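> Full structure from sequences and hints, please.
Protein chains in written order, with this note's numbering: chain A, 5 to 284; chain B, 4 to 231.
A couple of the hints might just be wrong.
[To be verified] Now the in silico label distances, taken between C-beta atoms and shown as ranges: (1) R161/B with T66/A: 41 to 47 Å; (2) G36/B with T149/A: 18 to 24 Å; (3) K205/B with P18/A: 57 to 63 Å; (4) R196/B with P18/A: 29 to 35 Å; (5) A35/B with P18/A: 43 to 49 Å; (6) H262/A with R139/B: 47 to 53 Å; (7) F13/B with G75/A: 27 to 33 Å; (8) I276/A with R161/B: 52 to 58 Å; (9) D258/A with T129/B: 54 to 60 Å; (10) L219/B with G75/A: 55 to 61 Å; (11) D198/A with R161/B: 56 to 62 Å.
The set of hints was computed from the structure by calculation and includes no laboratory data. As the structure is a prediction and not an experimental result, all values here were calculated from the model. Using N, Cα and C, we set each Cβ at its ideal position, and we do this for glycine too.
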Amino acid sequence: MTGVELRDVSFRYPTSAGNVLKSVTLQCRPGQITWLYGPFGAGASTVLLLAAGLAPRHTGGTMTGAVSVLGHPLDAAGLSPLLGQIGFVTATPHLQMSGIAATVWEEVAFAPANLGWPLARIEQAVEDAMTALGVAHLAGREPDTLSGGELQRTVIASMAVLEPAVWLLDEPTTALDAAGQTDAYRMFRRAARDGATVVVASEQADALADVVDRLIVLRDGEVVLDGDPMSLLAGDDIWEGGPGSTSVAGLCRDASRHVDSPRLAMPYPVTIAHALERWG
Amino acid sequence: MALAISMLAFLLPGPRGPLLLYAVTLVAMPIAGVGRAIRQGLFICLPLWFFLFLLHGVLGGGPTFGVGPFALSRDGAELALTQAGRFGAIITVSLGFYHSFDASRFLNAAAAKRWPLHLSYLFVATLHAVPAFLARTASILEAQRARGLRFGGGPVARARAVLPLTLPLILGALAEVDERTHALDMRGVASTRLRTPLMAPKDSVLDRVVRWLLWLTVGAAVVWRMVG
Numbered sequence: 005m006t007g008v009e010l011r012d013v014s015f016r017y018p019t020s021a022g023n024v025l026k027s028v029t030l031q032c033r034p035g036q037i038t039w040l041y042g043p044f045g046a047g048a049s050t051v052l053l054l055a056a057g058l059a060p061r062h063t064g065g066t067m068t069g070a071v072s073v074l075g076h077p078l079d080a081a082g083l084s085p086l087l088g089q090i091g092f093v094t095a096t097p098h099l100q101m102s103g104i105a106a107t108v109w110e111e112v113a114f115a116p117a118n119l120g121w122p123l124a125r126i127e128q129a130v131e132d133a134m135t136a137l138g139v140a141h142l143a144g145r146e147p148d149t150l151s152g153g154e155l156q157r158t159v160i161a162s163m164a165v166l167e168p169a170v171w172l173l174d175e176p177t178t179a180l181d182a183a184g185q186t187d188a189y190r191m192f193r194r195a196a197r198d199g200a201t202v203v204v205a206s207e208q209a210d211a212l213a214d215v216v217d218r219l220i221v222l223r224d225g226e227v228v229l230d231g232d233p234m235s236l237l238a239g240d241d242i243w244e245g246g247p248g249s250t251s252v253a254g255l256c257r258d259a260s261r262h263v264d265s266p267r268l269a270m271p272y273p274v275t276i277a278h279a280l281e282r283w284g
Numbered sequence: 004m005a006l007a008i009s010m011l012a013f014l015l016p017g018p019r020g021p022l023l024l025y026a027v028t029l030v031a032m033p034i035a036g037v038g039r040a041i042r043q044g045l046f047i048c049l050p051l052w053f054f055l056f057l058l059h060g061v062l063g064g065g066p067t068f069g070v071g072p073f074a075l076s077r078d079g080a081e082l083a084l085t086q087a088g089r090f091g092a093i094i095t096v097s098l099g100f101y102h103s104f105d106a107s108r109f110l111n112a113a114a115a116k117r118w119p120l121h122l123s124y125l126f127v128a129t130l131h132a133v134p135a136f137l138a139r140t141a142s143i144l145e146a147q148r149a150r151g152l153r154f155g156g157g158p159v160a161r162a163r164a165v166l167p168l169t170l171p172l173i174l175g176a177l178a179e180v181d182e183r184t185h186a187l188d189m190r191g192v193a194s195t196r197l198r199t200p201l202m203a204p205k206d207s208v209l210d211r212v213v214r215w216l217l218w219l220t221v222g223a224a225v226v227w228r229m230v231g
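Below is the structure:
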């Protein structure tokens, strides 16, 4: 079964001049972290909104084609059959808080309580999620007093508590420091290993290059590249019309224009480890 | 209590009824730990009271009575006292309710009573909109000040400053609504299942007795007004 599938999907927002997605067909499989990558406005976030069942239901707009999640077509019935099975995280943690929880513990417990889980199950799941995201020590704090990074960890924990089968992540770690990013991606990796479908839309190539299993590059609402992340990031195609690759690959590519050396030739090193391997 | 007192303020005959209710709220607020509602209530009520007495007491017609050098309308003064008591009681008890309201406790209590989540959340979100809007206003004010916009000066300068303040306030709030809706939707706020109460607050016998007494009083006042 496919985790997330878009078949020939075109979409336009009520305010956009044209289609922001143009005949997009893609499949994101369980057990993998799929990275949607593209320059600003390429349509990666829109893919997530469609897969979450939020577009066009909440955003308005017109969609053609078909979207299905875990085999369920997302139609007029909306999310009801999938409630609690999709974890959706964006880069604005303060807007994803419930706004009514008195403590971080209650914030994390908000979704399972809404879904009517038994209290004992909620308590265990909250403890597990908070420990995984390193926010167990914040359990008694008021959410309003958290820093940006703590808020983002709490938001991710608030979704992790549901153990969703599909993770839809839109720039999920921009508010996090390096340690926070490591914790978060470790948790997403673990979720994928346990069979979840993880889809990340992000421009943070340096953070994601060696985390993801598959890379889909979008430009102007179309899928232009799809394949192994290391191969694509090490090539030249990813630079044509954006979004570019990691800083290590970018440095090497720039240098290769000034120095004619086989040590700088394609495939470019993508990470520092690759660069050390080649030049070390 | 806030609802019952607000209803009683209009059901009980003036000026004694509303004044008595206002006295009750003055006693109840400190007991409930929200004494500041009295001070804030006075801040709102004092100008209202002044104009009520000016309008009804000083400018009112009918028989008069003397207070120092002033001759006040007897009927007007009674009406002013009645309205003053109503305003005082309703405004103070509403502020007390606002300050003592705990969203999380309310949601848990509502879940324990098996109220539908979307209804209780709507109620909570409405109350929360005010402080959220005020906080947003303050941050936009600071941001615009940092960009050199002046909010002081004469009426023209103040009027000019309204647009750069209100436009980002309204547009930002609308944009936020979208994203909040997305997040809450994914977290099951629209779920039709019954919410699990996380820590349902105790509903003591005393709480229940006070609540029932208040509603009995409201009921009795309604009957008395209809019959009497």
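> A separate judgement is required for each hint: does it hold in the structure or not?
Hint by hint, here is what the structure shows:
no.: 1; hint: R161/B with T66/A: 41 to 47 Å; verdict: holds, 44 Å
no.: 2; hint: G36/B with T149/A: 18 to 24 Å; verdict: holds, 21 Å
no.: 3; hint: K205/B with P18/A: 57 to 63 Å; verdict: violated, 49 Å
no.: 4; hint: R196/B with P18/A: 29 to 35 Å; verdict: holds, 32 Å
no.: 5; hint: A35/B with P18/A: 43 to 49 Å; verdict: holds, 48 Å
no.: 6; hint: H262/A with R139/B: 47 to 53 Å; verdict: holds, 50 Å
no.: 7; hint: F13/B with G75/A: 27 to 33 Å; verdict: violated, 59 Å
no.: 8; hint: I276/A with R161/B: 52 to 58 Å; verdict: holds, 56 Å
no.: 9; hint: D258/A with T129/B: 54 to 60 Å; verdict: holds, 55 Å
no.: 10; hint: L219/B with G75/A: 55 to 61 Å; verdict: holds, 57 Å
no.: 11; hint: D198/A with R161/B: 56 to 62 Å; verdict: holds, 59 Å
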